[in-house]
Amino acid sequence: MAVSLHQRRSSPSAWLTFKSAAWLGWQMESNWTEPWLFLLYSIVRPLAGVGIVVFMYLAVSTAAGIYSPDKLAFVFVGTTFFMFVGQELYGISQAVLDDREHYRTLKYVYIAPSSIYIYLFARGLAKVAETAISASVTLVIGGLLLHISYSSFNPVLLVVALVLGLLGIATFGIMLAGITLLTARHGFQMGESVAAIFFLLGGVVFPIHILPVWVQDVAYLMPVTYWIEAMRRSLIGDAGQVDSTLSTMSTPMLLLAIVGTTIVFFLLSIFVFRRFDEAARRKGRIDITTSY
Amino acid sequence: MSARTVDREHPFASFARGPAGERLHKGRVGTFLGAWKARAYIRIIGSNRELSWIFFETVLPLLSIIAYLYIYRYLGAPDRFVSFVVLGGAMVAFWLSVLWGIANHIFWEKQSGNLELYFVAPVSPLALMLGMATGSLVSTTTRASASVIAGVLLFGATFNGEGVLPSLAVLGVTLGAIYFLGMMFASLFLMYGREGEHLAHSMQEPVFFAAGFYYPLNTLPLAVQVAGSFIPLTIGLDAMRQLLVPGTVGFLPLGLEAVILVLMFFLFAAGARQSVRFMEHLAKREGRLTLRWQ
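Listed in order, the protein sequences are those of chains A and B. Its first residue numbered 149, the first sequence is counted upward by one per residue in this note's numbering. Its first residue numbered 933, the second sequence is counted upward by one per residue in this note's numbering.
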């Protein structure tokens, strides 16, 4: 069968780009050591992160004699799922730095006939896969050692909210990746730093109503706020949640809020990434290496 | 002609010369100090030239500290916990600087091709490492100070005024010890390549956890307290809290912690010297440390 010039030059499907980039990301994340060490690495670090918040609770319990299992569950589940936020943001934005500075392949990715947007999104998914392992182990440990009760476990809500939320977080990752195109190598902490904004505003470890009112308004604009609430609801119901706005929202409304905010930020991410991408091309930053 | 104008015919004409016009050579100590100063200068200027870095390293870490303060507010913690978090949060900046600015940085230098220049330059690699540490220390102190000032002004963190000077002395010894520890890690990270980078990642949260950055150390199980105390930051932070936050029950008596910190300082200084020599040996004799993309 004759193949036209147009067909031969056409871009690979989005799925092929996605699949290849996700596999590449996973290999880069996991093949630096033996599988058992990778597993240990994937578990210890996030577990310590959750441990910090748990021991903060225990410190207060000891010092002030305040024991509230609901608050512990609220803090524990929020921190556990928040791992996804930091890791996905880091994974997507770090892909730019890895490819540009370490492997020096970003320029080849750019000239390849595939979508850089899909490529970066898929690269970030490797971190999500790694985090899924750590979050699962952490939740099991929480149930066994801290006696967190997952009495409201709703697997459908868990999966649906998880997928929607990850898409929403990815839009921020893409924006960060765009900014990273213009920053020096030490911008590697940017993902973690921006995650701190969500950690503070997203109702992750304390109900939003504690924040100043004007900050609460900002919090309700972010998909992470609704996502964390949905994830929490899928496991522990409304335990520890005292925020009147979130606790009175029905679950379908919560999912709708995630979808709505995700669409808004998806469009914004395309705009932001394009602007930074154009600037990076114009300034010759695609194959730059930086030092200090 | 202005002092900054370069004579293209004689680019080195502005260099200091001896009485007979000969090139001046510094002695061993002078060269060591000159290399130290030069590397520190690059680090300070370089880190402050990248404005995005200043923002992400100064403003955004404050958000984490604020989040931890709000957790305590949600849990109904006593006021002194605010001071705990503010002090711990400031120390986070130093630990990240040690991990990424010192320990893992040599690996980066290898990737960018600078490491071979370090080893062929007629200066001690230890001087370069010390310069890097000094530069980092200056930059990070600015960022850590911002955290403390914000904690005091925005969240009313209070500290015991009498303890400020002794705690600064403790801080000085602690920082010296952790930066020397960072130099020891540098050779380790360099040998392990990509594994070293992941090792640096795995030494973030676990150290924040075991060193009691956000809560009193004695909240942790004894085994974790003992394990954490091998890191100078744990002992240093505990000592500073005893000095600055009234009512703090320390992990060890203050005097003993001071002695341990001084011992750690000298131990890690000796360890850093040895590890840099080892690194130089591997680079020059075996030539494998300057290979990129390992």
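There may be inaccurate statements among the hints.
Stated by the list, open to error - Pairwise CB distance ranges, derived in the manner of DEER restraints:
| id | chain 1 | residue 1 | chain 2 | residue 2 | range |
| --- | --- | --- | --- | --- | --- |
| 1 | A | ALA162 | B | ARG981 | 52 to 60 Å |
| 2 | B | ILE977 | A | ILE436 | 46 to 54 Å |
| 3 | B | PRO1054 | A | ILE418 | 46 to 54 Å |
| 4 | B | GLU1048 | A | ILE436 | 18 to 26 Å |
In case anyone wonders, no lab produced these hints; they're calculated from the structure. Computed from a prediction, not measured in an experiment: that's the story for all the values here. Yeah, the Cβ is synthetic: ideal placement off N, Cα and C, and Gly gets one too.
Evaluated hints:
Hint check: A/ALA162 to B/ARG981, Cβ distance near 39 Å, so the stated range 52 to 60 Å is violated. Distance hint for B/ILE977 and A/ILE436: a CB-CB separation of about 19 Å, inconsistent with the stated range 46 to 54 Å. At about 53 Å, the beta-carbon gap between B/PRO1054 and A/ILE418 stays in the expected band of 46 to 54 Å. Here the CB-CB span from B/GLU1048 to A/ILE436 is close to 21 Å, well matched to the stated 18 to 26 Å.
Consistency note: the structure conflicts with the earlier hints numbered 1, 2.
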